[in-house]
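Use the sequences and the hints to build the structure in full.
Going down the list, the protein sequences come from chains A and B.
Sequence positions in the first sequence follow my numbering and run 418 to 742.
Sequence positions in the second sequence follow my numbering and run 418 to 742.
Bear in mind the hints are in silico, worked out from the structure with no lab data behind them.
Note that the coordinates shown come from a computational prediction; the quantities given were computed from them, not determined experimentally.
Hints may be right or wrong, so weigh each one.
As the list claims (entries may be wrong) - The following residues of chain B were derived to be distant from chain A, with all beta-carbon distances above 12 Å:
(1) H419
(2) E461
(3) P484
(4) T495
(5) A499
(6) Y503
(7) S600
(8) R602
(9) A613
(10) A686
(11) V711
(12) G728
What the hints assert, rightly or not - Calculated pairs, DSS-like style, for lysine-lysine (alpha carbon to alpha carbon, straight line, at most 25 Å):
(13) B:K654 - A:K732
(14) B:K678 - A:K731
(15) B:K731 - A:K677
(16) A:K583 - A:K677
(17) A:K612 - B:K677
(18) A:K732 - B:K678
Glycine is no exception: its CB is placed at the ideal position from the N, C-alpha and C atoms.
Spelled out from the first residue to the last, the chains are:
There are 2 protein chains.
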Amino acid sequence: MHDEKILRVLRKSPDEHVSSEELCVLTKISRSAVWKHVEALRAEGYEIEASPHLGYRLIAIPDALIPAEVMWELGTKTIGKAVLSYKKVDSTNDVAYNLAENGIAEGTVVLAEEQAKGKGRHGRKWVSPPKSGIYMSCVLRPEIAPNEIPVITLMAAVAVAKAVRKTTGLQAMIKWPNDILVSGRKICGILTEMKAEQDSVDFIILGIGLNVNASARSLPEGGTSVKEELKAANNIKTVSRTEMAKSIIRSLEAEYSLLKKGGSERIIAEWKSMSAMPGSRIRVVLPNAELEGVAHDIDPDGSLVLRLDSGILKKIWSGDVVMVR
Amino acid sequence: MHDEKILRVLRKSPDEHVSSEELCVLTKISRSAVWKHVEALRAEGYEIEASPHLGYRLIAIPDALIPAEVMWELGTKTIGKAVLSYKKVDSTNDVAYNLAENGIAEGTVVLAEEQAKGKGRHGRKWVSPPKSGIYMSCVLRPEIAPNEIPVITLMAAVAVAKAVRKTTGLQAMIKWPNDILVSGRKICGILTEMKAEQDSVDFIILGIGLNVNASARSLPEGGTSVKEELKAANNIKTVSRTEMAKSIIRSLEAEYSLLKKGGSERIIAEWKSMSAMPGSRIRVVLPNAELEGVAHDIDPDGSLVLRLDSGILKKIWSGDVVMVR
Numbered sequence: 418m419h420d421e422k423i424l425r426v427l428r429k430s431p432d433e434h435v436s437s438e439e440l441c442v443l444t445k446i447s448r449s450a451v452w453k454h455v456e457a458l459r460a461e462g463y464e465i466e467a468s469p470h471l472g473y474r475l476i477a478i479p480d481a482l483i484p485a486e487v488m489w490e491l492g493t494k495t496i497g498k499a500v501l502s503y504k505k506v507d508s509t510n511d512v513a514y515n516l517a518e519n520g521i522a523e524g525t526v527v528l529a530e531e532q533a534k535g536k537g538r539h540g541r542k543w544v545s546p547p548k549s550g551i552y553m554s555c556v557l558r559p560e561i562a563p564n565e566i567p568v569i570t571l572m573a574a575v576a577v578a579k580a581v582r583k584t585t586g587l588q589a590m591i592k593w594p595n596d597i598l599v600s601g602r603k604i605c606g607i608l609t610e611m612k613a614e615q616d617s618v619d620f621i622i623l624g625i626g627l628n629v630n631a632s633a634r635s636l637p638e639g640g641t642s643v644k645e646e647l648k649a650a651n652n653i654k655t656v657s658r659t660e661m662a663k664s665i666i667r668s669l670e671a672e673y674s675l676l677k678k679g680g681s682e683r684i685i686a687e688w689k690s691m692s693a694m695p696g697s698r699i700r701v702v703l704p705n706a707e708l709e710g711v712a713h714d715i716d717p718d719g720s721l722v723l724r725l726d727s728g729i730l731k732k733i734w735s736g737d738v739v740m741v742r
Numbered sequence: 418m419h420d421e422k423i424l425r426v427l428r429k430s431p432d433e434h435v436s437s438e439e440l441c442v443l444t445k446i447s448r449s450a451v452w453k454h455v456e457a458l459r460a461e462g463y464e465i466e467a468s469p470h471l472g473y474r475l476i477a478i479p480d481a482l483i484p485a486e487v488m489w490e491l492g493t494k495t496i497g498k499a500v501l502s503y504k505k506v507d508s509t510n511d512v513a514y515n516l517a518e519n520g521i522a523e524g525t526v527v528l529a530e531e532q533a534k535g536k537g538r539h540g541r542k543w544v545s546p547p548k549s550g551i552y553m554s555c556v557l558r559p560e561i562a563p564n565e566i567p568v569i570t571l572m573a574a575v576a577v578a579k580a581v582r583k584t585t586g587l588q589a590m591i592k593w594p595n596d597i598l599v600s601g602r603k604i605c606g607i608l609t610e611m612k613a614e615q616d617s618v619d620f621i622i623l624g625i626g627l628n629v630n631a632s633a634r635s636l637p638e639g640g641t642s643v644k645e646e647l648k649a650a651n652n653i654k655t656v657s658r659t660e661m662a663k664s665i666i667r668s669l670e671a672e673y674s675l676l677k678k679g680g681s682e683r684i685i686a687e688w689k690s691m692s693a694m695p696g697s698r699i700r701v702v703l704p705n706a707e708l709e710g711v712a713h714d715i716d717p718d719g720s721l722v723l724r725l726d727s728g729i730l731k732k733i734w735s736g737d738v739v740m741v742r
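Okay, here's the thing in structure tokens:
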């Protein structure tokens, strides 16, 4: 708490020193206690200049997924109202799931700098190198039935794609159901998990894994990162993970509140406008079969409509899509 | 293990004593060890006569929901392949859910003699007086998407209603989505819970609470039990809880394997044939509204079709049905 107070004061005067007397008065703690808290902030990665005569000055903030940074001027009401961050977890989705089972509020965001067992869809792995990505899980508690889940997933894909576009300028596209691609390579995966009764959802965990600073060789084949794509585009821009995380949270807030106000049609329209697939030839890999055809449409219920070569339209609820070149 | 072996030998000769020498030979343990195991069986409720000269004889088996009894000549392949039983738990669904999260096999059945926090739909309570009912949860791992869950729920209702009819002779009926009624009163509730990804179910917990020996005054208003209904029908039959539990497990096995073989149409037809509602005037209570009309049909997707007074047909996915008299 004192850490946060001191940080807030230092943030307000980025160009000037704040004397330790002033910090003592504002925080109501002693000079030596102020010093201790400054040391704690430094340990978190804040660069703070200390001058015996002038006092303290904030030089640089860390690009870390810590609550103080992610929540700073975040401006959302629901998503990110609480932020928990960890140096390393097995899986942010598992952490969030356990918290949700114990009743934690909607909008709680779990972040980690590294995942030992990052999870992809259907028990697959999500490669999560330390400090290279955004590994984020968000607890939602919408009043919907399990059959309405696919729209939540589309909403999440729209929110993340928009955040990536806005923050990086990269042309993020969506591959059904919810991969985010840049230049045809996977930059982000979304894993939706839920606990539900037959006719009502208890909670949903939206897991988002976005590759930010990861190098191509640390990623699986077909994967890419913000850094790699900016480099490929000869763009010298650097993207702060903190800003990226905040952008995703704000975007989720916007799309989720639109969805709750009945805006699913608009979300599906946005999804379609960013789809990497329309009219493309695709192969859908199902547990026991494969179907090939043309990506025809997305239904309002979130299913993929595949046009088989026979002309028959087939609704796909589950499966992996491979683009056929 | 020795308990089970001794029990198996005694079961085989219900009219004769088995000498302790014979038991020693068969179990390869000492006389005093045999005695100790017989004592353990007695503690579980088995009545075993011991005669110094003749040996042991099984007089009566307990009407308890213990694995040795429930699994005896059960004859199923999947459901009840493993049975776990507890004297008292908070909720059999919670126990089964935790086991399923840790990977326990499909078909595992969790039973309890008493629930401290028996769960009904939507966070409600299920009154679970000790040794008066069947409190059972079953782990299923079907390869389906979350939107196919309602059919699993209908399947469970059909299985339980058929088991109640077969074992008790009572005319069990189904109220959407999955209450079992006898003479218009609730005798059984089913709670379906699941963990799922957007497009695939990890596992389903089918929770079944059936009132067997409970007295009317120990049950909530509108509730009834097998015992009360048999009494009302002047039927002197007594129903063993063990037999009832076995009957439900066998019935679940039959309907579930039918469903897996693509028999959902037949299951829905059976559901309709046992429905307490068709053509009845009903009120559907939704979170923020109420709808009144006539129960028109059940759709193949498991939703209820309500005919409003305006003639409009409305699909209902979630909600509580009240019969209007």
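Results of checking the hints against the structure:
1. H419: holds (40 Å)
2. E461: Fine: 34 Å to the nearest Cβ keeps E461 of chain B off the interface.
3. P484: Nearest chain A Cβ is 28 Å from P484 of chain B, so the label holds.
4. T495: Holds, since 19 Å exceeds 12 Å.
5. A499: The claim holds: A499 of chain B sits with its nearest Cβ about 22 Å from chain A, beyond 12 Å.
6. Y503: holds (21 Å)
7. S600: Correct as stated: the minimum Cβ-Cβ distance to chain A is 26 Å, above 12 Å.
8. R602: Consistent with the label, R602 of chain B stays out of reach of chain A, its closest Cβ about 22 Å off (over 12 Å).
9. A613: Per Cβ check, A613 of chain B is inside 12 Å of chain A; nearest 6 Å; violated.
10. A686: holds (20 Å)
11. V711: holds (21 Å)
12. G728: holds (24 Å)
13. B:K654 - A:K732: Answer violated: K654 of chain B to K732 of chain A is near 52 Å, above 25 Å.
14. B:K678 - A:K731: holds (21 Å)
15. B:K731 - A:K677: Distance of about 21 Å is within 25 Å: holds.
16. A:K583 - A:K677: The given pair, whose Cα atoms are some 23 Å apart, holds under the 25 Å limit.
17. A:K612 - B:K677: holds (23 Å)
18. A:K732 - B:K678: Between K732 of chain A and K678 of chain B the Cα gap is close to 21 Å, so the pair holds against 25 Å.
Of the numbered hints given earlier, the model fails hints 9 and 13; all others are met.
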